[in-house]
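Start from chain A and add chains B and C according to the hints.
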Amino acid sequence: MKYLKNAWYAAAWADELSQRPLARMICETPIVLFHDTERRPVALFDACPHRFAPLSLGRVQGDRIACGYHGLEFGRDGRCIKNPHGNGATPAALSVRSFPVVERCGMVWIWMGRSEMADSKHLPEHLKAFDQPGFVWSHGNLNVAAPYEMVVDNLLDLSHVEYLHPFLGSAGNSKGRTMRVEHDGNLLICRTEATDTPVTPLFRLMREGDESVDDENGDLRGETHWLAPANIYLDTTTTRVGAPLNTAISVPTYHLLTPATADSTHYFWAAGWNRLTDRDDVAQMLRTGIVNAFENEDEPMIRACRSRMHSNDLLENRPALLPIDEASVLARRILGRLIDVESKENAVLPDLG
Amino acid sequence: MKYLKNAWYAAAWADELSQRPLARMICETPIVLFHDTERRPVALFDACPHRFAPLSLGRVQGDRIACGYHGLEFGRDGRCIKNPHGNGATPAALSVRSFPVVERCGMVWIWMGRSEMADSKHLPEHLKAFDQPGFVWSHGNLNVAAPYEMVVDNLLDLSHVEYLHPFLGSAGNSKGRTMRVEHDGNLLICRTEATDTPVTPLFRLMREGDESVDDENGDLRGETHWLAPANIYLDTTTTRVGAPLNTAISVPTYHLLTPATADSTHYFWAAGWNRLTDRDDVAQMLRTGIVNAFENEDEPMIRACRSRMHSNDLLENRPALLPIDEASVLARRILGRLIDVESKENAVLPDLG
Amino acid sequence: MKYLKNAWYAAAWADELSQRPLARMICETPIVLFHDTERRPVALFDACPHRFAPLSLGRVQGDRIACGYHGLEFGRDGRCIKNPHGNGATPAALSVRSFPVVERCGMVWIWMGRSEMADSKHLPEHLKAFDQPGFVWSHGNLNVAAPYEMVVDNLLDLSHVEYLHPFLGSAGNSKGRTMRVEHDGNLLICRTEATDTPVTPLFRLMREGDESVDDENGDLRGETHWLAPANIYLDTTTTRVGAPLNTAISVPTYHLLTPATADSTHYFWAAGWNRLTDRDDVAQMLRTGIVNAFENEDEPMIRACRSRMHSNDLLENRPALLPIDEASVLARRILGRLIDVESKENAVLPDLG
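In the order they appear, the protein sequences are chains A, B and C.
Note that numbering that gives the first Met the number 0 has the first sequence beginning at 0, numbered continuously upward.
Note that numbering that gives the first Met the number 0 has the second sequence beginning at 0, numbered continuously upward.
Note that numbering that gives the first Met the number 0 has the third sequence beginning at 0, numbered continuously upward.
Only true hints are included.
Going by beta-carbon spacing under 10 Å, a handful of chain C positions derived as facing chain A: (1) 156; (2) 159; (3) 161; (4) 163; (5) 300; (6) 301; (7) 304; (8) 305; (9) 306; (10) 313; (11) 316; (12) 318; (13) 321; (14) 323; (15) 324.
Hints are computed from structural coordinates only; laboratory data are not their basis.
For glycine and all other residues, C-beta sits at the position ideal for the given N, C-alpha and C.
So here's chain A without its partners, still in its complex pose (with noise of 0.2 Å):
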């Protein structure tokens, strides 16, 4: 399948990193992580140029990797250090790729295009949330056996949630809810509100002890920001109805969504809330449920409509698209511009594979 190559996707949160080599499959293509001595991500092609084992089935060996099979050891770059056989002559072709990584807010996250283009001004700028005071954080991962697309629909059209999460969504959200969307190059924002309308089991549990949304109605509003290929910040809030915006109970997630293959996916997902935020029983609750809506609910589904579409791509499917679709149908309109772009540049452009 065809990706976006020259974009930052999120690789691992840097705490699954570590002097261990960790496997992950990105674009279809076989990646090993590890942390050097100095705990910078080093990200390479995971199959050593002899014989093809996995380098993440060798051992971190300081800022170097030793393959398992026949002991050969890389650096950070890719170039072999080390041949410990025969006259120990270690040609050029002895390497493998190495792909630009930069930690940020926690991420590691990789470029799997020209490293020379590689440039971390191109980071999701809306990370910053992270630093937001008042909040706590929780934040985790999971793989998903659908195209990232897929999910990337799932999150840009939150009129599912009343049907597919009870413990997210409320019955009768759907009513009466705005939706506007715009656009700006590769960012895409979706706003969505309803205002007087039943506030959802969630925000009801939050609130303990909270005056200011003690009615049994009051305003949702949603702001998704979708950067491609397939970064996702979405801030939801609840007030009171009427009430301004400050006084919300505000629950901000990220979905950083990155294709494994053409119908897996890496959802590393982050979640801050600002209520309730010293309780521990709260952050458990929240991520449970977080984890069971992603598992138990999404996934299962989106999985279902895959296993009913002959190929992929949802609009070679001939769906019987709604208003509700605008904002999906944007980014995947966006998102296949960019990757003709980059096929276009990439043909006048030697190849990197």
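For chains B and C alone, coordinates are given in the frame of chain A:
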């Protein structure tokens, strides 16, 4: 694969349907089945036209089914009759294909071809056996990981019973068995007879306290009706040697075969008997014996045969045919001709998918 | 895939055969093996010509095997000699291919090509090692989910032992190891030597009470015989530094590899040793150590290498070859040439399938 479309297929035992949706693959087409409020069967294409979510993951609400992903609701004719989002428009494109279904003698039949050609007069006649006085019946269904044509082959050649089914057959039945095959349109009748031959353990068990079959040997008869595409009625009887048929212990069975995919089959079975009809232990023993024969003897053997074939078309594999294959080869020929005729008709008509 | 057909392949250890049929896939061809009443091995194509039921699901009856589906019986030449149905005709078409088989030194060998070319003089010579006095032997077999050529690669390059097999190898063995490769027709001999080098845990254990190898270091020698297509004899010895070879602790091993399919291999192994030959604990420990090395170290590594290749032809994947690959690349070249020659010969002869 090509299936006969303009034909009734067994879709489900009526007691499998309720107001909970039932998903079933039929001729490679995903179908959702349920009972409406008047217990009439409904069969729809099992994918919402919006995002292809299986409707079987949704909820039946009275006479309609609601998609579990975004809440669209569909009536028994497949038209969307509620869109809870935005302006609530339900354009004609927002509909799923509805399939003719009919309930007869406890079985729900589905018509996979052109709706206007569906006529209950084409339903298998022999279903009437259910009404025969003096019999009790048991029924069930199982999934067979083999092409439906190979399950038909198995049933149209009872000479395998002696070798594969110790409980249902007896050593020596093959010797002196005669077979007569006749056919009329889509119906094929195959009669086998073995006189003065060892009776089977099954019959020996059922003659308990019955002087008419007290001997070691008896006359065994089988009459098999195959109706294209794959519905089989098989009446097996045993009498004392030379005794008239109306004194027979009789075990009529149905084998209603519906292709799920090219290599898997829904096998709906029913068995009746006219002795010891008030005995629960006999009913239980018969049921166990029949299910065991299908699940642990026929299915593994048919799957093993399939594993040795390079395609699921038996004749393409150039088998060494024997006289015992007469009925099954004829059935394949009749079915092949019907499918050919239908394909040509469809070539001049708009395709319904 | 293309295999060398006119060659002897290890089919089964003789102690695996009995009057119960054994099913084994060899070169993508299903084979059924059994012992006739005189304990001679029989090998037939494992599918009844009638309906393709695997004969291995049937019953051996004396010198014949009866199909479990309809009872046809076949002799050791593959001809049907009993048809229990109808007039009992057994036309010539009612036969299965019979394969030449020969038992030698406890191994049953099968010839997958033209029967008239099968000659036991082509059996691997080196099998004679079994008869060497002063040795005891253990043997077994396992299934490897990897192409047989990659298992050969593994065995023809012992430099991996140091990295992959802590029990069989020692850190530092690679340093100063020399390798000499010679070949003669279908036979390739590869000799490695590492003098004054740390002895392995295995040898340390076996020199118990033996002054000749009392030092930390020793002289290690390996002699590998590869005979096309994939039968390997490997003799590894250790002596005291500078001591003559007739004082060596010796562990000769066989690695008889038979392709099951393009991506799976039957691995028949045997190991002998000339020290502590009366000790059950040593026999048990050796057996466990060898099986562990194959199952838990070699096989997962070879499978992992395969997972990184786009085809099972190593050279198509453009590996960065090293001097240690000399023998394995040569073996691939010899085998490739033999297969090419055979293909051309077959092109002018009638095909036997």
